[in-house]
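Colleague: Each chain, written out:
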Amino acid sequence: MIVIDIKNLNKSYENGLKALKNINLSVRSGEIFALLGPNGAGKSTLINIICGISKKTSGKVTIFGKDNILDYKFTRSKIGLVPQEIATDSFEKVINTLKFSRGLFNKVPSDEYLSFILKSLNLVTKKNNQIRTLSGGMKRRVMIAKALSHEPKILFLDEPTAGVDVNLRKTLWNFLNKLKKNGVTIFLTTHYIEEAENIADRIGIINNGEIVITENKKKLIDKLGEKKIIITINSSHNKISYITKKYQLKKNKNKLSYIYNSKKNVDLSASLLSDLVKSSVKIDDIEIEKSNLEEIFLNMVEK
Amino acid sequence: MNLRGIFAIYHFEMSRMFRTVSQSIASPVLSTALYFIVFGSAIGSKIGNIDGVNYTSFLVPGLIMLTILNQSVSNASFGIYFPKFSGTIYEILSAPISPIEITCGYVLAAASKSVLVGLIILITSAFFIEITILHPFWMLLFLILMSITFSLFGFIIGIWANDFQKIQLIPSFILTPLTFLGGSFYSIGMLPDFWQKLSYVNPIVYLISSFRWSFYGKSDVNVVVSISATLFFLILCMVFVSWIFKTGYKIKT
Numbered sequence: 041m042i043v044i045d046i047k048n049l050n051k052s053y054e055n056g057l058k059a060l061k062n063i064n065l066s067v068r069s070g071e072i073f074a075l076l077g078p079n080g081a082g083k084s085t086l087i088n089i090i091c092g093i094s095k096k097t098s099g100k101v102t103i104f105g106k107d108n109i110l111d112y113k114f115t116r117s118k119i120g121l122v123p124q125e126i127a128t129d130s131f132e133k134v135i136n137t138l139k140f141s142r143g144l145f146n147k148v149p150s151d152e153y154l155s156f157i158l159k160s161l162n163l164v165t166k167k168n169n170q171i172r173t174l175s176g177g178m179k180r181r182v183m184i185a186k187a188l189s190h191e192p193k194i195l196f197l198d199e200p201t202a203g204v205d206v207n208l209r210k211t212l213w214n215f216l217n218k219l220k221k222n223g224v225t226i227f228l229t230t231h232y233i234e235e236a237e238n239i240a241d242r243i244g245i246i247n248n249g250e251i252v253i254t255e256n257k258k259k260l261i262d263k264l265g266e267k268k269i270i271i272t273i274n275s276s277h278n279k280i281s282y283i284t285k286k287y288q289l290k291k292n293k294n295k296l297s298y299i300y301n302s303k304k305n306v307d308l309s310a311s312l313l314s315d316l317v318k319s320s321v322k323i324d325d326i327e328i329e330k331s332n333l334e335e336i337f338l339n340m341v342e343k
Numbered sequence: 073m074n075l076r077g078i079f080a081i082y083h084f085e086m087s088r089m090f091r092t093v094s095q096s097i098a099s100p101v102l103s104t105a106l107y108f109i110v111f112g113s114a115i116g117s118k119i120g121n122i123d124g125v126n127y128t129s130f131l132v133p134g135l136i137m138l139t140i141l142n143q144s145v146s147n148a149s150f151g152i153y154f155p156k157f158s159g160t161i162y163e164i165l166s167a168p169i170s171p172i173e174i175t176c177g178y179v180l181a182a183a184s185k186s187v188l189v190g191l192i193i194l195i196t197s198a199f200f201i202e203i204t205i206l207h208p209f210w211m212l213l214f215l216i217l218m219s220i221t222f223s224l225f226g227f228i229i230g231i232w233a234n235d236f237q238k239i240q241l242i243p244s245f246i247l248t249p250l251t252f253l254g255g256s257f258y259s260i261g262m263l264p265d266f267w268q269k270l271s272y273v274n275p276i277v278y279l280i281s282s283f284r285w286s287f288y289g290k291s292d293v294n295v296v297v298s299i300s301a302t303l304f305f306l307i308l309c310m311v312f313v314s315w316i317f318k319t320g321y322k323i324k325t
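Chains as they are written, first to last, in the working numbering: chain X, 41 to 343; chain W, 73 to 325.
Bound-form chain X, shown alone (with noise of 0.2 Å):
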């Protein structure tokens, strides 16, 4: 089920700049979706016109089939956001903020349910504190409780983890599988190619504005990754030149690579293999190495 859909998106500023070009994206029920793209790409413009924060100029954004304009008091009931600034109430006392947004979503007050986000982001110990006093990586953990407070269907976190320690951002991932499995929707933005590799389902890239790729993050890596083969020979070996040539292989010292890519290339590892053995090379090693997400996000934002 497509729970959220966006359909022809754009968004011009009056300086005559266009943060987003005819964006067209679907997000499924249940999924985790990443969105990375660099500085000023359009990752925080479109979430915030899907929650209501900016306004389009023109297409349509539907939540569970409602439009965000039209029906936005049942669109914003299904969504919690966690906006990049950490923005709070610094005299607040956190367990005060929890039921602020509560109220704000119009839900009826659960002191149960409040106990329940605070003791799965760690914050009971501070639920009497004033938010002013908390760390940089437990104020995040207060947004992000505030935005779960109403118990929204969809997360949106904007670079929920920049400037978090490493520990708070695994801590973070786990939690965000958790609500995985309870059925939110988790739609976030990020700069760490990690954080997608590590949680996401489906990874879009948007570079100035515009959706470059929307893929499942394991076809996507299959894709348009590239395979090296090393491998590391027993010494040098006079027909080397002809087979290096052939294969257009990178010789460092006693390590020869040879790199494809499964959209552009065949395979000729096989074929590779099988003449150094007829050429008498002997093979001491062979590693496989896959492109990872973020040699792939560098060629595509690149481009």
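Hint data in this document are derived by calculation from the structure and do not stem from the laboratory.
Among these hints, one or two may not hold up.
Claimed, not checked - The calculated lysine-lysine pairs, modelled on DSSO-like cross-linking and capped at a C-alpha distance of 27 Å, are:
{"hint": "1", "chain 1": "W", "residue 1": "Lys318", "chain 2": "X", "residue 2": "Lys95"}
{"hint": "2", "chain 1": "X", "residue 1": "Lys267", "chain 2": "X", "residue 2": "Lys318"}
{"hint": "3", "chain 1": "X", "residue 1": "Lys147", "chain 2": "W", "residue 2": "Lys318"}
Place chain W on chain X using the hints.
Modeller: Showing chain W alone in chain X's frame:
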């Protein structure tokens, strides 16, 4: 109707007032007490009666009006400006709450604070003079109506302002002078003819005059005209707020 949303905003704003009780309540009460001492006891004893009312007693409605107009505008403007400044406005804008409901939450909270401060000043003044209220129902109605109207006006200023200086601009350079020149400390009838006529252009004259009427049954202008002027200003503010939310003026990019 998102009543819980309205209450959440209202409760949040009222909690802020109680957190800053010295600024919200003690400060206006102290200022009013000083006005009574300086204008009432020290200077007032030399002035005598105005329209048959002792000058210190005459001051009470004007001082309450002076305070609630300033309190309403500053509370409401700060209430909506601060989330814009701190970035927490994102939560209000992404919540299933309509513009009218948002306005209700902020304006009712600001107006409640003003009414509370107004009543505290009234009680404080009872320590200095004997209070007479001929029309208590109308007094309370004027107090509430003017608090709501000027809270709405403050709400508009808070949305329009993009720095703290602008929040103070209209209250300092327009509202306070108009209130001082609107008969807070004197009767319009005491002015020379030309200044009297000019005073009737000042909308605050109508507010103070009707409020003073609820105390002593005497007014510089017709009470019906005063109420009509207040309601007209209220409707004008409502129309402007609707336009702000319809266009996203200074709120949405």
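Colleague: So, for every hint listed, does it hold in this structure?
Modeller: Structure-based check of all given hints:
1. Of the supplied pair hints, the one linking Lys318 (chain W) and Lys95 (chain X) holds, its CA atoms being roughly 11 Å apart against a limit of 27 Å.
2. Our distance criterion of 27 Å between C-alpha atoms is met by Lys267 (chain X) and Lys318 (chain X), whose separation comes to about 24 Å.
3. For the proposed pair Lys147 (chain X) and Lys318 (chain W), the alpha carbon gap of about 26 Å is at most 27 Å, so the pair holds.
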